[in-house]
Structures are given as structure tokens and as C-alpha cells.
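Peer 1: Listed below are the residues making up each chain.
Number of protein chains: 4
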Amino acid sequence: MRVGVVGAGYWGPNLARNFAVNPDWELAVICDLDAERAQQVADRVGGVPISTSLDEVLADPSIDAVAVATPARTHHPIVMAALAAGKHVTVEKPLADEGSRGAEMVETARANGLVLMADHTYCYTPAVLKIRELIAAGELGDILFVDSVRINLGLIQPDVDVFWDLAPHDLSIIDFVLPGGLDAATVSAHGADPLNTGKSCVGYLTMPLTGGAIAHIHVNWLSPTKIRQMVIGGTKRTLVWDDLNPQQRLSVYDRGVDLAEQFKATTSDARAATISYRLGDTWSPALPEKEALSNMTAEFASAIREKRQARTDGASGLRVLSILEAARGSLAIAGAPYPVHNAHEMALS
Amino acid sequence: MRVGVVGAGYWGPNLARNFAVNPDWELAVICDLDAERAQQVADRVGGVPISTSLDEVLADPSIDAVAVATPARTHHPIVMAALAAGKHVTVEKPLADEGSRGAEMVETARANGLVLMADHTYCYTPAVLKIRELIAAGELGDILFVDSVRINLGLIQPDVDVFWDLAPHDLSIIDFVLPGGLDAATVSAHGADPLNTGKSCVGYLTMPLTGGAIAHIHVNWLSPTKIRQMVIGGTKRTLVWDDLNPQQRLSVYDRGVDLAEQFKATTSDARAATISYRLGDTWSPALPEKEALSNMTAEFASAIREKRQARTDGASGLRVLSILEAARGSLAIAGAPYPVHNAHEMALS
Amino acid sequence: MRVGVVGAGYWGPNLARNFAVNPDWELAVICDLDAERAQQVADRVGGVPISTSLDEVLADPSIDAVAVATPARTHHPIVMAALAAGKHVTVEKPLADEGSRGAEMVETARANGLVLMADHTYCYTPAVLKIRELIAAGELGDILFVDSVRINLGLIQPDVDVFWDLAPHDLSIIDFVLPGGLDAATVSAHGADPLNTGKSCVGYLTMPLTGGAIAHIHVNWLSPTKIRQMVIGGTKRTLVWDDLNPQQRLSVYDRGVDLAEQFKATTSDARAATISYRLGDTWSPALPEKEALSNMTAEFASAIREKRQARTDGASGLRVLSILEAARGSLAIAGAPYPVHNAHEMALS
Amino acid sequence: MRVGVVGAGYWGPNLARNFAVNPDWELAVICDLDAERAQQVADRVGGVPISTSLDEVLADPSIDAVAVATPARTHHPIVMAALAAGKHVTVEKPLADEGSRGAEMVETARANGLVLMADHTYCYTPAVLKIRELIAAGELGDILFVDSVRINLGLIQPDVDVFWDLAPHDLSIIDFVLPGGLDAATVSAHGADPLNTGKSCVGYLTMPLTGGAIAHIHVNWLSPTKIRQMVIGGTKRTLVWDDLNPQQRLSVYDRGVDLAEQFKATTSDARAATISYRLGDTWSPALPEKEALSNMTAEFASAIREKRQARTDGASGLRVLSILEAARGSLAIAGAPYPVHNAHEMALS
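Chains as they are written, first to last, in my numbering: chain A, 1 to 349; chain B, 1 to 349; chain C, 1 to 349; chain D, 1 to 349.
Just so you know, these hints were derived from the structure itself, not from any lab.
Be aware that one or more of the hints could be misleading.
Note: identical chains are not told apart, hence a pair may lie in one copy or across any two.
Cross-link-like lysine to aspartate or glutamate pairs, in silico, EDC-like; alpha carbons within 16 Å at most [what the hints assert, rightly or not]:
#1 K226 <-> D242
#2 K236 <-> D183
#3 K226 <-> D64
#4 K226 <-> D254
#5 K290 <-> D43
Fair warning: this is a prediction, and the values are worked out from it, not measured in the lab.
My request is simple: use the sequences and hints to build the entire structure.
Peer 2: Right, here's the structure in full:
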């Protein structure tokens, strides 16, 4: 299958490099309005053709798919055009800049029988694939809480706040590893702009999950230390993912609170007495060394070939987008909970 | 000056041990309803008298002060009785179980010209004293955000949730180190009870501060790993306090975002271009080895002698209490912001 | 059984406290030349008798055993007198200040049918007990190397160098966990005294072990950072003990080098090709919270009652001592290997 | 100036990439016996010419210099040929496989007025450059000890042992940062080959330095954990370099032992009383983000242009080599100290 990379900015070169070496794919073209930038990317992967015209790329019947790595506000027109031209599409996060546009993209892909994949790259890292596998196998039991921290001294973005810049990573990962996806009904978002930059530079997202569980995300552009840590607590075990510790990225703790059976039948005062603690072993699974984008490009090919949804399909991209939109709504009402519109509602809106 | 310790449970023995060795104080009596428990504490400090009667202790004119380490719901009656008997008081956190009661205690102490001190022990650790000193000296510049994490596998308490159990530490520390104290006008509290214990076991508190800053606290009884970390971001420098790293508890990062002067005069799009980063040195101040309670008992004596408010006075205890109450209010409305009543309002309520 | 603690300096109070609470023992007396010091220790454990006369203590027929925590140069006369008086003995490290004296102590205890125990306290920590258990169960396979680091800003001792101050810990632990004990035939010791204090402040010990394995110890009084880490490499797995990481003291790595079977039959050049790597999981066993001295006092009682050698018997103390002596010999010849005299040779010397 | 890269194996591509982008240099040719391998390297830097003939490269008068990244045993013939052809040379570590050959290379370069540079890449990292600068400025005072650990699960090399594989890094760094270079008169080397591979897989090097100081290096192919740490203790401050901690690579501790003046005049027993401890602040200097090889290629150009020795000149390469040779000698006598021949002696041998 032949693929074109659309957008030769920050992420495009990584896509190009991975498509170039993947035996499932032939890298057909690098497309960017800026010919020089496109040429630089093309040179580094052994000299594929370039184009400055998206129309030209989409008109080429030999091209099966496009990978879109352009600014978020251009995702909708580019992807809609690609889908209209019969191309399969993988697109950077966030899926679109508005939920209704994202919903239209998902709907169109489905109607046209094309794969629309969200390039949630983190989901294809060995660590996240292992987390998903462990949860699916019941190793953690029922999920009690998810706490994610992604903080660093970060470039203050001209067009997006810290939520739209960083939280899509956490949201897409949580959506990927939870058995039913990230099904939050409401979101509370608290942001701060203490430097008066016109947008949140520090942000917190809180999402109640079904069954009393909770997910919480802390994103921050102003932290001098870099932390990328996610804790996923379960009834059986708790997992800690420390992405900056290459020697022990994942730790599974066989520690936690055990509730005796009678607990559920008694009053809450009596309950305390029936709680006990497990202080068991810790286990850190070995992870293969595999680049995430390599897994992503392979999954894109498999989904097309097997005529199925990708593991990170347009719908997952839409769930992430819908939460970001709800967060925007919550911010406008001082952090009060704001309902998350689901894809169907968005399609109707 | 002679002091009696009231309550011989978890904390009382530590108070007794510190008062016993402090040259400012003579430890006069250990008071507890349980004579055996009181005797055990008395034995370990060289055999001071015990009493099972608070009235007896308060009636003793040779006793100048009492240190109250009983359950929170008993603070109000015990402290009010002590103040009525003309004793100076230091009392465990939280000040009381309800804001209005706390306000009455503060008001009474003031009216009677007595010292009412909140035993916010953490504030007297070398680390927190140094943080306060650094901020007061302007080393961090204006405060932009405070992010505090206090998580651990914790005993689920029979009578309080995770907010009332753990957050008083963070709140009292933040109140102590911020130049104007913790002046939050509203609080948002998000809690989760995924084990169905009848109370929050995972909790998040968010408090907008003046000038666009934000304070956030994460408390959690279900985490298998123990984290006690506070990040305080300022316009000049950012401080990280990692209380579990004895080799480097405090780190002051000369890193951050610099805004060029014209920034404030331009539109927000142009602003991005005028932001630059400082990536300067990190500095970790040496801290003296001194037990916090030793500092606390010395401060209690000094405040009495100098007829001044203690550094952690009743008013600070009341601010902490008022935020916990507001958090309770926020929890009841799904995490929407809830106003913090100040001490004056409480006194009137 | 009744025990007397001889020596009320740094370590004696810990012994007293543990014997006092152990149901196997009745703490009979605290003995020290300095009556005031003895009294302080006695007070803290509920007021046992004191004595300033060792003879008096040894003459008391109701006393079954003594625990000796006096300076190393006094171990020999005190222990010999105790053994002559028919008392069982546990004695601080090092067993004696000279190997021949240690050998005489071991020999006398054996002849008199008494327990002579080396108080190698570290061996009774939950971590070291677990290491011994794992190695004994074959979890690590054959031992390939042991590397121990014990460095810290330490008080420069008036009478001993850094080897005699710190290395007994590492040596006794290695002796305890290796299936056959620490059977080094030679020792190389490299020391440095860069501050011209008259004794080594930085030291390295190297001991070839049977089968081509090696043990190495780094002790250092001049390091500003504190490290207490031991790595034990085996043919099957490798264990890392980081004593300053309470959240993960032991880590067992299922990583290593695998040699194909034909390896042993081929030339060394061909061998390289047949080596492969295992990059398996890491596992951190949970450890009980138990004070080491509590385990030690229990073992002392059991050994006496069961009329057997203690797990850390006099012979183990003698092995440690013989290596320290050999190290002294190696230092005198600029670090060249120096033979380790075994206990039998010592007894004859 | 035009440079050719000789050797397109592991390191050559990095050299090529850095010479290609350095404005001081024009990358003239990639030379390797394996044309395909050379072409791959050439392609990745924009298509420079390749050659399979060293003679051809050396015969090209337009080429000013060569960078040699071939196996160690080929360094001598290639570098001698290059020097004979009037080319400046930078060569991978170790300089040669025997000291006498290295000495000949250094001598020839000097005689021909050419730059012979040892590519001790680590010396050009921002961390090592900063260490050198701090020591030169007297920030650490006199050096008391250097302890370096470089351990990891490593490929067992077919032709070299762990000393020749890893220790050149540590030796070249120590040589670079110590004001007088690494002037060890003797070396003790202890190695172990517990897997019976025919060469040391675990190794320790000890080098007494002038003034009672000591340097020690631990290299290990069998460690499941990766440690790259160097501690440099001084009379004023101590520096810790943890190369695997990107957030705080260098820490300078203002902690240590202070000796009162009278110390030196008194007996060693009295001395103990006059020692005191400094427990001052810790400071972590910010480091620029700069690739080491970029600094190296710039230094190579500057040295040629300014007709001076490079900062890591042939003589430094020879000092490293002479220590490796002495280590080989020490290994043959069970770790006893072995004299280090200096360059002059080597030239005569």
C-alpha cells in the first residue's frame, strides 16, 4: 500500500521515517505547502517525491492512504477531502478543533467504508500496550482511580492552552487502557494563567468514572521538573507507570486495601473494622524495545487490510475531543462539572 | 512554665517527650480518661504525675498551659474549658470539627488574652521553615502555583474522610509559607469512594489564589507508593520539596518562563514570541537536623512569654478549618466551587 | 533465661530495649563502669538493676547469658571471663581485635559447650534474611560477583580505620548469605588517607571467590552522599539491595548473560557468538517490618535452648575477623593479595 | 578544511554526521573496506563520496585530516600512514593496542608537526567540561579521591576484556579533569571471569595518586542495572556526576571534613578531636545542551588552525593506554600493584 505524509513540520518527519522502513507501506510522497521543508523530509528518507498540492496527492489513484500531521484547525478540511477521495486516513491528535467536526469525520469514514485512525502514538508504546494487556487480563481487578501527571517546563503555545496541548496524551492513553474506554459523563477543569498569557498554563482535569472511580490529570507548562507518571489503582493490584525511568517504567504493586465480604452488608462504621491491607510483592514486567510509531504504522496497515477499526480509531479520537470540549465548558463556569457530549450527540449538533 | 498534656493516644507521647526535655517547660501532668495509657506515657518521660480528670488539671493554678491531643470532635469543649480556666492552649489539627466552633475558640482566646496555638507540626520542620524564609525573602518572586501531593496506602479512618485526615497538613503548610496566608475565596473538592466505604478515599482540592495563581492538593489513601511532594512555582524560581528524600529535601530551580516587558502591552498572539526560558542552576539548601515538635514547644513558650500570637495561631487553624468546611460543601455539589467563609463570618454564624 | 547487658554506650541501649521486650528473656542487669550511664539505660527499660562490676555480674548464678557491647579491644578479656563463668555470650562486631584472640574465644566456647554468637545485626534484617533465603533456594543460580558499597560522611574514628569501622557489616552479610560462607583465600586492600589522619578513610577490599567469582567492598568516610548498596550477580538472576530505598529495598532482576551449552566446549573466540541476553522481569519481594535486634535476641535464645550454633556463630565472627586481619596485611604491602588465615591456623598461631 | 572518515562501523556514522554539519569542516569522503557500509553512511549525510582504499584517501592532497574509527588493532598502521601522508588525525580510543605503538604515533605526530588527537568523546560532554572547569577554578580544593562506576549488562566483546572496553572512558575523563592529568605511578587491577569466557567481565582498577589521594574504577558487563556515576572528593567540596540523571547530572556538595590547623601538628589520637564536619548546601550547575562530538570536531579544527595540541591530545591517549597496559600487568600478578610506564619510557622500549 502507498501512503502520503501530509505536513512536514514537527511530527511529519517521524511519520515519514517510520512509513519508509515499514514493509507494509511504500512511502509515496511528502506533501507540504512549503516545498523546501517537504524536500528536507524527503531527503532524509532516501529521496521520495514531494508535492505542495494536497489536491494533487489526493487525485493520485495509486495512493491508498494519507497520514495527516498538520495544525489541528486544518484537520477537518484535509481529512474530509481525503475521505471524499477514498483515502484511508491517520491523523494527529486532537482529531479536530471542534467536536462536531470530529463527529462528521468519523461519520464520513464509516459511511465511505474507510479507516479513520487517530494517531494516538503513546498508545503504541510498549509500556501502554502492556498496561492495556494487564488490565484486560484482570491483573488489576476493577479500576478504582487513575491519576496522571504530565508536567514540564513547556513552550507556551500560541494557539492552544495547556489542556489542548498536553492532556490529549493522557486522555487517549486512559481511553486505550480502560476496558470500556474513557466513558466520563462529566468533566471538571481547573486552569490557571498566573503569567497572564491569555490561556491556562497549569491545568487539572477531574472525571468521575462509573462505579465510583475517578480519573484525574495534571498538566503544567511551568514546572521546572519533568514528571510523566500515571498511577492506576485497582481492587487487586495497582500499577505505576513512570515514563522517565527507563530501568523500571512499569511497577505492579500487589498492595492495597482488602474488604471483607461482610463489609458490604454492614454500616459504614463497622466497615472500617473489616478492612485489611495487602503488602505483597512488586513486579516490573520487561518491555520490548520497539518504537511506538512502528507499531502504529503496522496497525494502520492491518486495520485497512482486515477492513476493521484501528485500535485507536476515529471514535477514540472523538472521545478525547469531546472531553477537551467539555473541559473548555467547565473552565467557563469556574470548574463546575460540565457534561461530555458523546459522539452521537455531536453528530446531531 | 508548667504544661499538661491532655490525651495520651497517638500524638500525646510525642508532645510529652518534647515538653519534658524543653528547658522552657516543666511537664506537669499527663491527662487521659484511660489511666493505664496515661501512666505508660508518664513512665517513658521519667515519671510525671497522671490524671484522669480534665477538671482537676484545669483547676490546678500552677499549670500555665495545656497541649490538647484528643479526637477532633472533643477539641471544642476541652479548649473552651481550658481557656475559661485561664490556660494557654496548643491544640492538634484540625482546630475543631466545625468552623463556627473554631471561630468561637479563637474569639474566646483573644477576649481572654490567652495564646491559642494550632499545633501544625509540619510548619516547624526545618524544610517548611526554610520554605517560608525563602518566599518571604522574595527568592521565588510572586507565587504562580502550589501543587501538593500526599499519597500513601493509608488506614481508612472510621470518622473522617481523606480530606479531613490528610489535607490539614498541606493546607496548614501552604497557609504558613504564603506571605498572606492561604486566602482562597473558593474551593473545589473532588472525591472518590470507589471501594464504597462511605467516605472519600481519593481526593483533590483546587483553590484559585489572588493574581491568577492556583493551589491544588492531591490526597489519597489507596496509593501503593508513598509520595509527599510540594511544588511551589514563582515568577523568579520554583521550589520542589520532596519530603521523602532526606538527601535533598528542598530543591530551588532557577528555571522558568521569562516574559519580556512589552509582553504585557501586546496582544496574546504576539506575547508568545516574547516568552523565553531560563534554564539556570539548581540549589539545595542545607537544613538543620531539628525535630519539629521541639521547635513547636519553643514557639509556644515564646508566644506566651512575649504576649503575641504564635506563628501558627488559632486564626491559621481556623483558615484551615474553613477550607475543609468549604471542601465539604463543594463535595455536596459535585465539585463546583464553594465559597470559603472567613473567620469573621464564622464567628457571626 | 536471664541476660545481662555489658556496656551502656552506643549499642548497649538497643540491646537492652530488645532483650527487655523479648518473652524469651528476662533482662537481669545493665553493667557499665560508668554507673550514671548504666542507670540511664536501665531507666529507659523500666528500671532493671545496674552494676559497675563485671565480676559481680558473672558471679551471679541466676544469669544465663551476657550481651557484650564494649570497645573491640575489651572483647577478648570480657568474653573469656564470661565463658569461664559458664555464661553464653553474644558479642558486638568485630569479634576481637586480633584473629588469634578470636580463635581462642571460639575454641573456649566450643570446649565449654556454650553458645558464642557474633551480633552481626544486619544479618537479622528482613532484607538480608530474604537474600539468604533466595540464594539458598537457588533463585540466583551460582554466584558470579558481589559488589558492596557503604559510603557516607562518617566520623573519623580515633582507634580504627574505615575498614575496621564499616567493612565488618559487608563481610558479615556476605558470609551470611553465601551458601558456603565467605571463603576467600586472599584479600587485596587498597586504602587512602588523603587528609593525613593517620588511617585509611577510603577503602576497597577485593576477594576472589571459588569458581572465578569475586567479592568487592567499597567503604568511605568522605562521601557527601550516602550509598548502601549490594549487588549479587548470579548465573540465573541478579539481586540488588538498596538499603536506603524503603519502598523497594530488594530487586531481583531476571536479566543476565546466557551461555549456550556448547560454549564450554569451544574456544573462547567462538564462545562470544554463543552468548545471549535475558531481559526478563524485575521482582521486588515484600519484606516484613521487623527490627533486626528482635530477630537476633530470639536466635540467641533458640541457639542456647536447642544447644546448637547460632546462625551467626563465633566462627562467622572469626571469618570476618580473619579477613580484616588479612586486609591489614595487604595494606602493608601496597594492596598485593594477602592470604586469609583460617580459624584453625589462628588457633595454632 | 576537508576531512575523511575512516571506518564506517559503529562510531563512524556519528563522526560523519558531526563533521557534515560543522562549518569548520567539509566532509570529503567516507572510507571503509566494505563499500556498501560506507555508502549507507554517506547517504545519511547527504551523499558524500566513498572510498574503499585508504591509500587513495591519503593520497588526496585536498584532504587535510582523517578521523579514524576502526578496530583498535588497526589504529597504529592507519594513523602512521596518515601522519606520513601529512594528515592531521583524530583517533578513537584506545589510541593503540600497545603502549609502544601509541608512543610511536605520538612521537611521529610531534616530529611531523601534525595534530594527533584522541577522540575521548566523553571529555567534550557539557558535564565533563564543567567538571574540569570547576576543578581548575579550585571549587573542589585539592582532590582526595575519585570513584567511578560504569556498570551495565554489556556485550561480551570477542577481542577485549571489560577493562579495555569500558575503562578508557573513565581513565580519559579522570585524565581530563585532574589539573595535572592522571599521573598514577602504579595500578592494581582485579578482574573476574566467573562465566569462564576467557576474559575479565567484572573489573576494578585502583590507582594511588600523589598526595595520598586515590582513584578507583569499577567496570562490569554483568550488572542488570546501569550505573554511570563518578564521585570526586575534594578538600573544599565534593562533586557527584550521575550521567543517567538528565535532570541533575552534576551535584556539588559543600559537605566534608574540616581539619583544624593544629591537626597537622598533633598526634593522631588528638587529631580526631579537631575534625569537624561541614554540612552545607548542594548546588547543581545548569549545563548547556550540546552534543559532545560537535565540541570535539570544533576542537579538532581549532587545534589544527592554532597549531597547538588538542585538549585531548595524543599524549593523553597515551596516558590512558599506559594505564591499561599496566592493568594488564597487574592482572597477571593477581592484582599486585604494577608500575605505569610513561610515554618517554614507552618510546624507548
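Peer 1: Against each hint, give a clear statement of whether it holds in the structure.
Peer 2: Each hint tested on the structure:
no. : hint          : in the structure
1   : K226 <-> D242 : both (11 Å within a copy, 14 Å between copies)
2   : K236 <-> D183 : neither (22 Å within a copy, 41 Å between copies)
3   : K226 <-> D64  : neither (40 Å within a copy, 45 Å between copies)
4   : K226 <-> D254 : between (27 Å within a copy, 14 Å between copies)
5   : K290 <-> D43  : neither (24 Å within a copy, 24 Å between copies)
When the structure is compared with the earlier hints, violations turn up for hints 2, 3, 5 and for no others.
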